[in-house]
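Protein chains: 2
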Amino acid sequence: MLIVKKFGGTSVGSPERIMNVAIRCVEDFKKGHDVVVVLSAMGKTTDELIALAHKVNPKPQKRELDMLMTTGEQVSVAMMAMAMDSLGVRAISLNAFQVAMHTTSQYGSARLKRIDSERIHHELEDRKIVIVTGFQGINKYDDLTTLGRGGSDTTAVALAAALHADACEIYTDVDGVYTADPRIVKSAKKMPVITYDEMLELATLGAGVLHNRSVEMAKKYGVTLVVRSSLNYSEGTVVKEDTGVEKLLVSGVAVDKDADRVSVIGLKDQPGIAFRLFDTLAKANINVDMILQSIGRDGTKDISFTCDDGVMDDAIKAIEGAKGRLQYKGIDTRADVAKVSIVGAGMMTNPGVAAKMFEALYNEDINISMISTSEIRVTVLIDEKDAERAATAVHDAFKLSD
Amino acid sequence: MLIVKKFGGTSVGSPERIMNVAIRCVEDFKKGHDVVVVLSAMGKTTDELIALAHKVNPKPQKRELDMLMTTGEQVSVAMMAMAMDSLGVRAISLNAFQVAMHTTSQYGSARLKRIDSERIHHELEDRKIVIVTGFQGINKYDDLTTLGRGGSDTTAVALAAALHADACEIYTDVDGVYTADPRIVKSAKKMPVITYDEMLELATLGAGVLHNRSVEMAKKYGVTLVVRSSLNYSEGTVVKEDTGVEKLLVSGVAVDKDADRVSVIGLKDQPGIAFRLFDTLAKANINVDMILQSIGRDGTKDISFTCDDGVMDDAIKAIEGAKGRLQYKGIDTRADVAKVSIVGAGMMTNPGVAAKMFEALYNEDINISMISTSEIRVTVLIDEKDAERAATAVHDAFKLSD
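Protein sequence lines, in the order shown, are assigned to chains A and B. The working numbering puts the first sequence at residues 1 to 402. The working numbering puts the second sequence at residues 1 to 402.
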């Protein structure tokens, strides 16, 4: 078997943890498997490097920031090769140049284009564990790039695809994907298996342990993922196309408290007004999530949307800046709201799922202020103080603890 | 003019110092010069990385140690490019891959083979300051290598040669090469100019601010060096082939307290015995410096040599291990000795220089226990307690303060 194993920054945060990961990888290697390890930078290294950069330049060039940050993973992989050597196993570290990992040109948010697998295959045939820097690549100018958020997971999935690996294991500090956040819903259960689409919805909702970009790539190339813990030997959660069992109506519940609601009141009820509002926000680089438009009355209507905590002030500023163009009466905002979502591949073919969710919330006397749905997801916006209670009620209603 | 400027770890030891170096380089750039900057790792980074490596492996693989250490200079160059950008000047950092700096394969002590200058020329033509990682290269396997001691100076000289630079400035924490260590000899003077050979002798004696490897390369390719301080605008010392003035009898005095003496007593007075002794030491990887062999008497003779402080115990162990082969009566050692040397290109054609040195020492009642000479150098071994007094006496005798 050829196994790609990815460990995040926390898993390699200290020399002791690096030794633990090394031991774990060597176990698989000694069973006769080919092992490729993808690593993030140690602990908080990336944040520390960014802070260092800001000491000489408040707005460092993106190219140079990538040149700086890519040293983080290089330290991790060299350390790991040394740790494995001290366990008596041959290992070799490779950075983005050495692999090589070709990406697009955008510094800070490059996309993987192509991976040369020749050197890795050569080292594997030589019976070495191959340790690759995650998160980074080189562009057509031979400059170093980074892949942005979720980058190391993406590196691992892309390598698994390029090497036709038999498994791609993503190690984190939790031991799999749960039906809900166990800190919120006590009866939450680990899911043994989940589809790519379900994982994507959960990832987008912030509940997943995987970034949706890596899940998208896994889906595209049919790479079976296993999410598991670097701290124990628990089985983890398998993410793949077809779960092989009857599709669950609802597989998980997600809570996102990092949401604010903005309502623009008294907009003129005429064509093009929604376009103008969201065009204004898009130009200010603000991502909106749920959108709700009231039915027009007295020649005006209201439009509400949710956005991340961090950007609400920017959103208000953008809307106020376009007051002449938008012609509204006022802005109403609320920061103490939360999104609660249910996700399930079986939803598509089973009507009544949303109704069941609303019923559970009604029974708990929880008011819903916005609703948004996709083929396999239903999301409601509620008061933040009700979030835990709502998640537990919905989790129970769909019997996810069974 | 194309100027190569090299700054060591102390000069870039903090964000503030990096800003200072950036300002200094930008001044030259704004005068219209092309500027290439070579940097070491920030402050004690290299030592810290080695300490980190030892936490997972007491004897890390040399390849992986180089992979780890080369991140240090990459951090420096990226930081410098950001600092220059914040001063409103376009700058770009390049690592060993990007230049590319081709070296031999030996990790930890690679030698530069060839430098591709295309990318650097391209960036200079684009009116950017180019900042290059010192100390590192890539070998034929595309693996990262380091150049060992004095590596960043060597990178700077090699770049200056490859780019046909008009000047190669080596910035340190002293403002030039002195006739003696100013901490020892109060009247020591900065030399405005010195030949490669004089600098080589001084470097070998540990008195120079440049590593002899970089001086050798400068001599070979005719690169004029300037040694100057990163802390002030003092003129510094020029190192070149012909000083253009009458060659000085003695240009400098050097003191090296990092020397121990080992005497092997009562060796059989027969051919091949010196070979056997130094072959034994060479196989134990011990560098010896001065050698003195007594005239044979009663069928035996003594051989004394000096070596660095750190290796005396190894030397004794090696000699004792070969006792059967060497057949000697005993070993006598002294750690409290020092070497005092005079260096001068004019020595070759002027007899009596050594005699004048010995006279100065005699007048101070300082006993000489060993003597060694080269074409442009005389070295004596004396008691360590007399070192300062000896250096001052010799410095005065040759009127070096004038």
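Among these hints, one or two may not hold up.
It does not matter which identical chain is meant; a pair holds if it fits inside one copy or across any two.
As the list claims (entries may be wrong) - Pairs of lysine-lysine residues, derived as DSSO-like cross-links and limited to a Cα-Cα distance of at most 27 Å, are as follows:
id	residue 1	residue 2
1	K186	K30
2	K385	K257
3	K59	K31
4	K55	K268
5	K323	K62
6	K317	K31
7	K219	K356
8	K55	K385
9	K62	K128
10	K55	K44
11	K31	K140
12	K268	K317
These aren't lab readings, by the way, just hints derived from the structure by calculation.
Status of each hint after checking the structure:
In this assembly of identical chains, the alpha carbons of K186 and K30 never lie at most 27 Å apart, being 39 Å within a copy and 65 Å across copies at closest. Only within a single protomer do K385 and K257 lie at most 27 Å apart by alpha-carbon distance; the minimum there is 10 Å, versus 73 Å between protomers. For the homomeric pair K59 and K31, the shortest alpha-carbon distance between copies (26 Å) is at most 27 Å, but the shortest distance inside one copy (49 Å) is not. Taking the shortest alpha-carbon separations for K55 and K268, neither the intra-copy value of 48 Å nor the inter-copy value of 67 Å comes in at or below 27 Å.
Within a single copy, K323 and K62 get their C-alpha atoms no closer than 34 Å, and across copies no closer than 64 Å, so neither meets the 27 Å cut-off. Taking the closest pair of Cα atoms, K317 and K31 never come within 27 Å of each other, the shortest separation being 59 Å inside a single copy and 44 Å across copies. Taking CA atoms no more than 27 Å apart as the test, K219 paired with K356 passes in neither setting, with 30 Å inside one copy and 85 Å between copies. Taking the closest pair of Cα atoms, K55 and K385 never come within 27 Å of each other, the shortest separation being 40 Å inside a single copy and 47 Å across copies.
Taking the shortest Cα distances, K62 and K128 sit within 27 Å of each other only across copies (16 Å), while inside one copy they are farther apart (35 Å). Proximity of K55 to K44 under the C-alpha cut-off of 27 Å is found in both arrangements, the shortest distances being 17 Å within a copy and 19 Å between copies. Taking the shortest alpha-carbon separations for K31 and K140, neither the intra-copy value of 39 Å nor the inter-copy value of 33 Å comes in at or below 27 Å. In this assembly of identical chains, the alpha carbons of K268 and K317 lie at most 27 Å apart only when taken from the same copy (20 Å versus 95 Å across copies).
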